[in-house]
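Student: Listed here are the chains, written in short residue letters.
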Amino acid sequence: MTVKEIADRLKLKAVCAEENTERTVTGCYIGDLLSLVMSKAQSGDAWITIQGNINVPAVASLTDCAMVIIAENMQLDSAALSRAKQEGIPVYTSEKSAFDLACGIKECL
Amino acid sequence: MADTMKLHYTVDADDFTVAGEASGAVKKVLKQLGFSSDIIRKVAVAMYECEINMVIHADGGVIDVEITPEKIRMIHSDKGPGIKDIEKAMQEGFSTADEKVRELGFGAGMGLPNMKRYTDEMNITTKIGEGTVVDMTVYVK
Ligand SMILES: Nc1ncnc2c1ncn2[C@@H]1O[C@H](COP(=O)(O)OP(=O)(O)OP(=O)(O)O)[C@@H](O)[C@H]1O
Ligand SMILES: [Mg+2]
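The listed protein sequences correspond, in order, to chains X and W. Numbered by my numbering, the letters in the first sequence go through residues 580 to 688 in order. Numbered by my numbering, the letters in the second sequence go through residues 80 to 220 in order.
Incorrect hints may have been included.
Chain X side only, calculated, beta carbon under 10 Å to chain W, not exhaustive [what the hints assert, rightly or not]: (1) L612; (2) L613; (3) S614; (4) V616; (5) M617; (6) T628; (7) N632; (8) P636; (9) V638; (10) T642.
A few chain X positions that, by computed beta-carbon distances, are all more than 12 Å from chain W [what the hints assert, rightly or not]: (11) M580; (12) K592; (13) A593; (14) E601; (15) T603; (16) N652; (17) Q654; (18) T672; (19) K675; (20) D679; (21) C682; (22) G683; (23) E686.
Honestly, the hints are just simulated from the structure, not real lab data. Cβ coordinates follow ideal geometry from the N, Cα and C atoms, glycine included.
Working from the sequences, and respecting the hints, build out all of it.
Tutor: This is the structure:
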């Protein structure tokens, strides 16, 4: 499924969804420790995290993640938002837990 | 001899808002030059980890990048505190990151191991109280 389809299906809130939402999501990774994400996340993944700082779009871009989902109603700060826009990384938030989000994504792959 | 492209960046201390700017810029250049996504990922991840280390563990520094069709070399130099025990620092999970940067998601102690894994050559020269130079090369096979 595409980023947009997953966002609709899981009722995610769009924070930055102007670009690249037609890309197909091929996997999922959950993590909040950035250098661990950097070594494990795969190109095309939906990355679920509770971090919302500027390094999130940077790491998502480096690892070529298809989308970022910020769980547990955590928020993306304003510096991170402008970076996400600049990098064209789709970012969404959700009140769901990382587990619930990952279970939902599994059904979409 | 093929042409060498040289790039130079300054990394400011404690400035997370620009951290990752150098690796992001190099990533774009490599893309424009037509390097494979595999090579670009290796270079960008290694550089980002190193750049962040310069921000959180040292007082910023400079990065020199040399790009040829055969290899990409990245030299990160800082005037920070130096690394006491390189072998220990290279171990997965070792970190001296403080609470403030841990809250931002750093401190897994995976940065140096990632750099090692993503590059073909990695040399660290360090002197306590003077600084650290991390010299990494990725070969284009
Ligand atoms: N440029 C540097 N100057 C001084 N010390 C450094 C430098 N780079 C790394 N270190 C030391 O080596 C340790 C390990 O570095 P490494 O990048 O592997 O982990 P980290 O930065 O602590 O956490 P992570 O990279 O996973 O967010 C650091 O905690 C720090 O003590
Ligand atoms: Mg590090």
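Student: Determine for every hint whether it applies to the structure shown.
Tutor: Here is what the structure says about each hint:
1. L612: Holds, because the Cβ-Cβ distance from L612/X to chain W comes to roughly 4 Å (cut-off 10 Å).
2. L613: holds, 4 Å
3. S614: Holds: closest Cβ of chain W sits about 4 Å from S614/X, inside 10 Å.
4. V616: With a minimum Cβ separation of about 8 Å from chain W (threshold 10 Å), the hint on V616/X holds.
5. M617: holds, 5 Å
6. T628: holds, 8 Å
7. N632: holds, 5 Å
8. P636: Since the shortest Cβ distance to chain W is 9 Å, the answer is holds.
9. V638: holds, 8 Å
10. T642: holds, 7 Å
11. M580: holds, 22 Å
12. K592: The claim stands: K592/X keeps its Cβ more than 12 Å from every Cβ of chain W (closest is about 21 Å).
13. A593: Answer for A593/X: holds, closest chain W Cβ roughly 23 Å.
14. E601: Answer for E601/X: holds, closest chain W Cβ roughly 19 Å.
15. T603: At about 16 Å from chain W, T603/X clears the 12 Å cut-off, so the statement holds.
16. N652: holds, 17 Å
17. Q654: Label holds. Min Cβ-Cβ 14 Å, cutoff 12 Å.
18. T672: Holds, since 17 Å exceeds 12 Å.
19. K675: Answer for K675/X: holds, closest chain W Cβ roughly 20 Å.
20. D679: holds, 21 Å
21. C682: holds, 23 Å
22. G683: At roughly 23 Å from the nearest Cβ of chain W, G683/X sits farther out than 12 Å, so the non-interface label holds.
23. E686: holds, 28 Å
Violated hints for the displayed structure: none, as all numbered hints are satisfied.
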